[in-house]
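Peer 1: Sequence:
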Amino acid sequence: MNFQRIAIVLFVLLAAGLAGSFYLNWKTLKRLQTVQAFVESSVFADAVAACERAQSSTPFKWNGGQSTAVIGLHSVKVEKSAVSASYTLVADSVYCDYDPIRKKADIGSSFLERE
Numbered sequence: 012m013n014f015q016r017i018a019i020v021l022f023v024l025l026a027a028g029l030a031g032s033f034y035l036n037w038k039t040l041k042r043l044q045t046v047q048a049f050v051e052s053s054v055f056a057d058a059v060a061a062c063e064r065a066q067s068s069t070p071f072k073w074n075g076g077q078s079t080a081v082i083g084l085h086s087v088k089v090e091k092s093a094v095s096a097s098y099t100l101v102a103d104s105v106y107c108d109y110d111p112i113r114k115k116a117d118i119g120s121s122f123l124e125r126e
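With the sequence shown counted from 1, adding 11 to any position gets you this note's numbering.
The reader is advised that the hints may include incorrect statements.
Stated by the list, open to error - Derived DMTMM-like pairs: lysine to aspartate or glutamate, alpha-carbon spacing no greater than 25 Å straight-line:
#1 Lys38 <-> Glu90
#2 Lys38 <-> Asp57
#3 Lys91 <-> Asp117
#4 Lys41 <-> Glu51
#5 Lys41 <-> Glu90
The hints are simulated quantities; they were obtained by calculation from the structure and are not laboratory data.
Remember, it's a predicted structure, so these values are computed and weren't measured experimentally.
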């Protein structure tokens with residue numbers, strides 16, 4: 012009888028612990044999504060301006076583009092110990108990778124065949 016009570020209490024504590032950890036994970040994920048949205052919105056104007064100014068054989072026209080898309084902010088592992096941020100925009104099948112730290116834009120014509 013004692014063993015059953017102890018097992019039930021442990022099971023209830025385990026269930027409560029799992030529920031608490033899932034709740035905290037959900038709250039943390041929501042906060043990270045909010046931070047990512049804030050960073051992306053603050054980088055967007057700089058990215059468009061830098062991409063339209065960048066010299067390339069295929070011009071990038073965000074404002075005059077027929078089909079435009081924001082791929083968003085993602086990380087690029089440059090080398091083993093360094094991770095860099097990149098913000099990607101696509102306008103009329105021409106993509107632009109913008110580095111918000113260096114304030115530099117790289118334009119390419121084939122989004123799927125890039126490095």
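Peer 1: If a hint holds in the structure, say so; if it doesn't, say that too.
Peer 2: Tested hints:
For the hint pairing Lys38 with Glu90, the CA-to-CA distance comes to about 32 Å; that exceeds 25 Å, so the pair is violated. Restraint check for Lys38 and Asp57: not satisfied, since their Cα atoms lie roughly 30 Å apart, outside the 25 Å limit. Distance check on the hinted pair: Lys91 and Asp117 sit about 22 Å apart at the alpha-carbon level, within 25 Å; holds. Under the criterion of a C-alpha separation no larger than 25 Å, the hint pairing Lys41 with Glu51 is consistent with the structure, at around 15 Å.
Note on Lys41 and Glu90: the hinted pairing is violated, with a Cα-Cα distance of about 30 Å set against a maximum of 25 Å.
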